[in-house]
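As a plain string of letters, each chain reads:
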Amino acid sequence: MASNYTDRKFQGTYLFDGQMAKKGYGLNKMCYSFNDQIARDAFNADPEAYCEKFKLTEAQKEAIRNKDVIGLLREGGSIYYLAKFTGLLKLNMQDIGGLQTGMSTDEFKAMLERNGRGEV
Amino acid sequence: MASNYTDRKFQGTYLFDGQMAKKGYGLNKMCYSFNDQIARDAFNADPEAYCEKFKLTEAQKEAIRNKDVIGLLREGGSIYYLAKFTGLLKLNMQDIGGLQTGMSTDEFKAMLERNGRGEV
Amino acid sequence: MAKIIGAVTTSHIPAIANAMANGLEETPYWKPFFDGYPPVRDWLNEKKPDVIILFYNDHGLEFFIDKKPTFAMGVADEYYNSDEGWGIPTIPPVTGESDLSWHIANSIVDEGFDMTICQEMKVDHGLTVPLNLMWPGHQYGHVKVIPVCINCEQYPMAQPWRTFELGRAIGRAVASYEEDINVVVFGTGGMSHQLDGERAGFINRAFDIDCLDKLVSNPEALTKYSNMDLVEQGGAQAVELNMLIAMRGTLLGKVTERHRNYHAPISNTGSGLMLLENEMPTAE
Amino acid sequence: MAKIIGAVTTSHIPAIANAMANGLEETPYWKPFFDGYPPVRDWLNEKKPDVIILFYNDHGLEFFIDKKPTFAMGVADEYYNSDEGWGIPTIPPVTGESDLSWHIANSIVDEGFDMTICQEMKVDHGLTVPLNLMWPGHQYGHVKVIPVCINCEQYPMAQPWRTFELGRAIGRAVASYEEDINVVVFGTGGMSHQLDGERAGFINRAFDIDCLDKLVSNPEALTKYSNMDLVEQGGAQAVELNMLIAMRGTLLGKVTERHRNYHAPISNTGSGLMLLENEMPTAE
Ligand SMILES: [Fe+3]
Ligand SMILES: [Fe+3]
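Chains as they are written, first to last, in the numbering used here: chain E, 1 to 120; chain B, 121 to 240; chain R, 241 to 524; chain D, 525 to 808.
FYI, nobody ran anything at the bench for these hints, they're computed from the structure. Quantities reported herein were computed from a predicted structural model and do not represent experimental measurements. Glycine included, every Cβ here is placed at the ideal spot set by N, Cα and C.
If the Cβ cut is set under 7 Å, some of the chain E residues that face chain R in the computed set are: (1) 13; (2) 15; (3) 17; (4) 35; (5) 79; (6) 80; (7) 101; (8) 108; (9) 116.
This is chain E alone, in the form it adopts within the complex (with noise of 0.2 Å):
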């Protein structure tokens, strides 16, 4: 197993260091391949044998399976790449932040609103 980064920790933050880069090698692999609309459309025409491909963990292939974004994030997915994934879901960024924080989208727009007012 790689090293950490860093001993700090960060409530609901998932850092991206070597561990990580090296858990997540083949599933951010696949999310950096949907660059190509080819990939893109390999994946939706059989998104389990695409996984296979790309030699993802049965724990890589069920977060896939469920948009699962923090199952993704654990099991080593960057979150740069995963973006490409959850675009070909056409999920844009409010709602990926709604998935991840069990808010709707709206919920969690009001949140950034107010976030952005400084209001925390």
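Following the hints, complete the assembly by docking chains B, R and D with the ligands onto the known chain E.
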């Protein structure tokens, strides 16, 4: 034209700096492609067409045709990538040394022996 | 001699590109953001810089974690965008400036900056959105751009003290370039935001404004932060502040704030637009 | 704690692989070269290091000048060789050591070394020839290797002072690693040689021997050279001496020379084999 790396000059020496890297980009990219057997076969089947594919200049094409290593260096070739071209021609480093210095391969080898013994 | 005459901080998020493509600039959501830009556009159109040095991060278009550079820079005469995964139409190529790029590369590698040097580099929204913000309608083909790409995706990342030093080295390199050209530096990205995890949506307005203040008059204070401090104070993706810190490093003269517009949220981020002028001491 | 117990300098030229593949070790041309190796092999077999940190340059297998890192390092558990353009059969994969690799990456990027970090990296003769020299018949699968790749192909290149500092930072990183393992460092390539131009065939025996002497007892003197000095004294490709200089930087303890064999020419190069032991001060 890109900046020279240095003002220092060394007789018979072509420093591969930004200026050369820019000038020789297509030429070196072609040579780098020779890592693949398919590329080597394509070059051997039709050298002119293969050079064209990498947009070599006329001077570069001429030097490729003539196996003119000094000419290739002058036109921005890097010895590290050119070595893949000369490898494809079945020339080793002593053959190339001879070509560049105007010696036969045996004369070049004899010079290496003298240099190696420190007789200079 | 070449001169860095000023610098701009700006957001670079993809949502801006969508808003501009769909003509949403005057909608209530976007207006407070876009209203900040005309003074900066005017200044750029007046000063007509020859070259923009643009600090950004690649969000997974050109670079993947198979081979991830800490610092990469372009030395090409042209850069291309391409599909980043959302099928958004790609945009016209960006003009490069290979001569000054190589001059900078020669100078800063000699100073001990271990750059990855790129003759081919696809550039993503991190670079193209700021250009389109300054010259709307993708009218930036006349400006030569030198992309400098800082890893913000994978730890370990360069720490703020190091990105500031990178900026300073680039500032010295420009100052030693013999052509009489004017350069403006863009520091793009940030500010506080967190896209991932249960803490997603975190924004720290007070921290952002303090960072903007420090960028003007006390940038050394920012170099005391570690990337972990930035995550704590500004959220997971606040490490993108490194691009603003690198930008500030390039300004070796007297720095004056000419314009500022902080607005939050834009998408999930705090957005800090700032225009700084840099006056180099005149040689006696 | 992890310990660097010693280091080896060795040539890495492809001609060696050919000589070994064709059983030419005892021919008059090759014998004076290969005769140097048994003591080093014996030492390695006796000390059984867990990890080899190997400095080499990539000669155009993995990296091209489209995106050329100054310093790249592997963090993978396995590395592959492949056809370098001559159709030579590729060899078994090299075993990596991702945990210590990431530990080093974390430590040295924090110290300001701007590494390109690679989870996938094809390794060329610069890495594989030294391993095969030490464990003939490609019997090196049991040894974990951390590849550190230094740009020696395109200017600008890291200067000797910088590659030495890289070595020192790696030395500190290893010393701070908690597992009780033994590490040996290989500095490969060089020494004096020039492959290209009318000056091709240049070798400087006296310079090489002086460099080996300085590597033992006065490495700081080598850091005073610029890459241009190396080219002048040792030929265009003598910049590969940076790998030996980086190696020496990792040795932070008391260094003792255990073995040396200088022979020239091998192909177009001066070849310097040296075994150094490194004794760290015992903590009181
Ligand atoms: Fe960004
Ligand atoms: Fe080499």
